[in-house]
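Peer 1: For reference, the chains in residue letters:
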Amino acid sequence: MAETGRLTGNPAPALSPVTLLRAAIILGVLAIWEFLSHSGWLYRDVVPSLLAIGRALLELLTHGEYYFNLGVTTAEVGFALLVGGVAGVAAGILLGANRFLAKAFEPYLYYLGPTPKIIFFPIMIMYFGVGPESKVALGTLSCFFPVALSVAAGMRQIDRVLIRVGYSFRANTWQMVMKIYLPAMRHPIINGVRLGLGVALIGVLLAETKLSNKGIGFLIIQAYSIFDMPRMYAMLIVLFVLSIGANALVGRLGGLHSIKRT
Amino acid sequence: MTAATARRSRSPLPAATGIGALVAFFATMEVLVQSGMVNRFIVPPPSEIFGSFGRVIVEEHVFGRFLQTLTECLTAGVMLTVFGVAGGVLMHRFKLLQQACETWVAALASAPIVLMYPLFLVIYGRSAWTIIMMGFFAALPPVILKTIEGISGTRKVLINVGRSFNLTPSQQFWKILFPSALPTIFVGIRLGLIFALINIVGVEFLINYGGLGQLINDLAERYDLAGTYAAICFVILVSVLFFMALEKVERWLRPVD
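Protein chains in written order, with the numbering used here: chain A, 1 to 262; chain B, 1 to 257.
You can take every hint at face value.
The following residues of chain A were derived to be distant from chain B, with all beta-carbon distances above 10 Å:
1. Ser49
2. Tyr67
3. Asn172
4. Leu253
Derived SDA-like pairs (lysine to any residue); straight-line CA-CA distance at most 25 Å:
5. B:Lys95 to B:Leu158
6. A:Lys103 to B:Arg251
7. A:Lys103 to B:Gly18
8. A:Lys103 to B:Phe26
Please keep in mind that the hints were generated in silico from the structure rather than gathered at the bench.
Glycine included, C-beta positions come from ideal geometry on N, C-alpha and C.
One chain only, chain A, in its complex shape (with noise of 0.2 Å):
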């Protein structure tokens, strides 16, 4: 660990020449942008002015309806991670713990994993109708597999001496679960409910695009539908710092960044 403090210890100076050029590069591209919309090479609108976003995107963050809709895909995203991360960490301690349903059905998962999961939504409607509950379920549906699969790794990269010593202590299969697996996995689990969080919000926000009447991708089609273009640009903006935000934020609280330097 002494490593991890000099490696983040000496911070680089403020102006170093890899800030200057991301500098270059932002108000390069802004440049560009600016000049492509004033150009009149490109259809009126698909590229509006940076002023037209900065204000679609102030209209945005000051309105409650923005909230409210971001709230909504929140819960949904939410629910679909809570549901599929503990439906996924069971059934990848499963796998993990036994060798014979991890042949038996791993294989099933590892390609079921990465199909398109959108393709699975006009059934979900008929399950579950056309309200917040198909866009959770097909959430669930998304995040489910990541989650399985990176538990089930994880479960068979666990020290073989941590369960020894749960044996030895007698632990049953809940004490094994809480005190020797799960702790183990932190990692695997948290890089696992990464990845789902990822695809989940991906799987609720297309959903939410192909049929519903709130939600953030509502809004995004409602734009794209009225041609708002600054408003789906806005959109756009924050629904990216989000989700990038929010991956950093799961990885941190589960330390990964501590992983990749030791």
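Knowing the structure of chain A, use the given hints to seat chain B on it.
Peer 2: Just chain B now, kept in the frame of chain A:
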């Protein structure tokens, strides 16, 4: 590995259990639906789903749709390979650029890029290019990151061999760095193609245009339940075969691992 362990690991019992569980699941669903315990207007009986495979394949021109999705995926794949590998090489060549932009590319890899599809619809219209560009942009970050990783991971001894032969920077790249990084670059291309396929089928479904994704949307809107389920099974089958084929190519490229 002992002989007993080797025998156990090759035993067909686990695979048979998996298949058996799947068959048991379908049989249970069939009984539940036929007995009326599960509403057949929500879940069609599996026998009806399997029976509709032939109809969907013939009447809905599945082969043509499959070719359309494959063409979109391969077009995105070619663009990914060209721009992703070139981007990675460029970032490796100019260290300052790499230090400035690598975290941005990594952040983009976790961003929901597919949600930009309404924007792409505005730019490219409701056409195959919207789908291709969506697949391309969503899959670009892993190709760039894996290219950088592959080139940076070239063993020092290989680089020193190149130096001892007084190779020019261009020769050093084409004779040493690139061949050494090729397996890792292919991992990136494989990941990119998987991301591209997921996004392409997803966007086809969402904008109701193109190949296999549109087929599901079409059948669902016609409330052809058995057909919808059959089409979903077909898309899953195609995706799984696509991933397996990519894995085989990757294993062929890096036999040592």
